[in-house]
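Q: Guided by the hints, dock chains B, C, D and E onto chain A, whose structure is given.
If you read the protein sequences in the order shown, they are chains A, B, C, D and E.
Numbering-wise (this note's numbering), the first sequence opens with residue 1 and increments by one.
Numbering-wise (this note's numbering), the second sequence opens with residue 1 and increments by one.
Numbering-wise (this note's numbering), the third sequence opens with residue 1 and increments by one.
Numbering-wise (this note's numbering), the fourth sequence opens with residue 1 and increments by one.
Numbering-wise (this note's numbering), the fifth sequence opens with residue 1 and increments by one.
Note that these hints are calculated values from the structure, not bench results.
One should not assume that every hint holds.
Copies of one chain are not kept apart here, so a pair can be met inside one copy or by any two copies together.
Unchecked claim - Below 27 angstroms or equal to it, Euclidean Cα-Cα: the simulated BS3-like pairs (lysine-lysine) are: (1) K34 with K69; (2) K8 with K69; (3) K69 with K9; (4) K31 with K8; (5) K72 with K34; (6) K31 with K9; (7) K5 with K31.
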Amino acid sequence: MYVCKVMKKLVSTHKNDNLTGCAIVMVQQLKAGKNGAEVLDDRLYAAVDPLGCAEGNVVLITTGSNSSKACKHDRVPVDMTVVGILD
Amino acid sequence: MYVCKVMKKLVSTHKNDNLTGCAIVMVQQLKAGKNGAEVLDDRLYAAVDPLGCAEGNVVLITTGSNSSKACKHDRVPVDMTVVGILD
Amino acid sequence: MYVCKVMKKLVSTHKNDNLTGCAIVMVQQLKAGKNGAEVLDDRLYAAVDPLGCAEGNVVLITTGSNSSKACKHDRVPVDMTVVGILD
Amino acid sequence: MYVCKVMKKLVSTHKNDNLTGCAIVMVQQLKAGKNGAEVLDDRLYAAVDPLGCAEGNVVLITTGSNSSKACKHDRVPVDMTVVGILD
Amino acid sequence: MYVCKVMKKLVSTHKNDNLTGCAIVMVQQLKAGKNGAEVLDDRLYAAVDPLGCAEGNVVLITTGSNSSKACKHDRVPVDMTVVGILD
Numbered sequence: 001m002y003v004c005k006v007m008k009k010l011v012s013t014h015k016n017d018n019l020t021g022c023a024i025v026m027v028q029q030l031k032a033g034k035n036g037a038e039v040l041d042d043r044l045y046a047a048v049d050p051l052g053c054a055e056g057n058v059v060l061i062t063t064g065s066n067s068s069k070a071c072k073h074d075r076v077p078v079d080m081t082v083v084g085i086l087d
Numbered sequence: 001m002y003v004c005k006v007m008k009k010l011v012s013t014h015k016n017d018n019l020t021g022c023a024i025v026m027v028q029q030l031k032a033g034k035n036g037a038e039v040l041d042d043r044l045y046a047a048v049d050p051l052g053c054a055e056g057n058v059v060l061i062t063t064g065s066n067s068s069k070a071c072k073h074d075r076v077p078v079d080m081t082v083v084g085i086l087d
Numbered sequence: 001m002y003v004c005k006v007m008k009k010l011v012s013t014h015k016n017d018n019l020t021g022c023a024i025v026m027v028q029q030l031k032a033g034k035n036g037a038e039v040l041d042d043r044l045y046a047a048v049d050p051l052g053c054a055e056g057n058v059v060l061i062t063t064g065s066n067s068s069k070a071c072k073h074d075r076v077p078v079d080m081t082v083v084g085i086l087d
Numbered sequence: 001m002y003v004c005k006v007m008k009k010l011v012s013t014h015k016n017d018n019l020t021g022c023a024i025v026m027v028q029q030l031k032a033g034k035n036g037a038e039v040l041d042d043r044l045y046a047a048v049d050p051l052g053c054a055e056g057n058v059v060l061i062t063t064g065s066n067s068s069k070a071c072k073h074d075r076v077p078v079d080m081t082v083v084g085i086l087d
Numbered sequence: 001m002y003v004c005k006v007m008k009k010l011v012s013t014h015k016n017d018n019l020t021g022c023a024i025v026m027v028q029q030l031k032a033g034k035n036g037a038e039v040l041d042d043r044l045y046a047a048v049d050p051l052g053c054a055e056g057n058v059v060l061i062t063t064g065s066n067s068s069k070a071c072k073h074d075r076v077p078v079d080m081t082v083v084g085i086l087d
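Next comes chain A alone, as it looks inside the complex (with noise of 0.2 angstroms):
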């Protein structure tokens, strides 16, 4: 899983039915630093949040298609999904 920081939460009005109710965070990776774990670039990425994360939190992102089995139901076209909040 990826280790991420949630940066804000995102808004699409417009949007495939079956994310309807999908909570959705915009995430950035994170990389080790010399005062722990720091933005690795300025990619962004956007996940499903089911778990009610806040900003600045720091997440395990699941990837691909199994992060689907983290959703509501198995028919959320997803490919990244907050698995966990870290201590």
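A: Frame of chain A; chains B, C, D and E shown alone:
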């Protein structure tokens, strides 16, 4: 999901039968820039577009095998599909 | 999907039985260049080609497990298949 | 599979129910170095660990949807699982 | 598929039960070089090898979940399998 910008529509006369009737758009991935999101690099990707995007739209793209869940049927041989247009 | 250029045909006498009869082409990924699309870098990929490409064709390549949906049967152990030739 | 080094164990109290009871380790990918394998870069990954690794172990990590085949059941929403410890 | 060179055989005594009896080889990805294909970079990958490769062979590697279709059964938790040896 990738956060991408729609560059143009693609035309492919000779394609897999299960792609017939699927609109295909060329997209480029976005990154966090000083004045909002900007194009990450010059890599070109093609995505099936069931939502009817316009050029310049900022969209969410689901990659991998779950991308066919956003298409009209499960046999579409696709790895990138537009699943949302960002507001 | 990746946008790629077909470089040449590959020959592999000793291969998985489920690849028997599948044409395989070597491809390289394209990027946006000043005078249209050009080769991104020197990475070599191999793709199953059910469409009968010619060297130099610009093609759409579906990657990942959905790539077998464009092959003659679902047991083909493939992760890149040509699904369209761009006009 | 990726060849990785186990850096530490991760603790996530708030996580997907199907990850309950799965040990999770932070790993970094290895490359060929002058004196054997060394850490490739500072990217952080998290993997489910059914084998009981120790910090410093060099392990094989299966990525993608097949990674759940090495977990206790198929519903684990994972994309990286430790499948072997190298001798 | 990736075009790779076989570097050596790997030994893992402590591994997932469904990998028992699978030969595993360390491979590195190839790129187009001035005098034919050469090693792309120092990243190390491990692949299941059902074809019986020798060190130095140039091989086709299927990645992702379809890679298990080239193994002896579908439960092998693998993401890279040798599917062809190039002539």
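Q: Work down the list of hints and note, for each, if the structure agrees.
A: Structure-based check of each hint:
1. K34 with K69: This pair counts as neither: shortest intra-copy Cα distance 35 angstroms, inter-copy 36 angstroms.
2. K8 with K69: both (23 angstroms within a copy, 26 angstroms between copies)
3. K69 with K9: For K69 and K9, both the intra-copy (21 angstroms) and inter-copy (23 angstroms) Cα distances are at most 27 angstroms.
4. K31 with K8: both (19 angstroms within a copy, 14 angstroms between copies)
5. K72 with K34: For K72 and K34, the Cα distance exceeds 27 angstroms both inside one copy (38 angstroms) and across copies (36 angstroms).
6. K31 with K9: both (22 angstroms within a copy, 16 angstroms between copies)
7. K5 with K31: Cα proximity of K5 and K31: in one copy and across copies (10 angstroms, 15 angstroms).
Hint violations for this structure: numbers 1, 5, all remaining hints satisfied.
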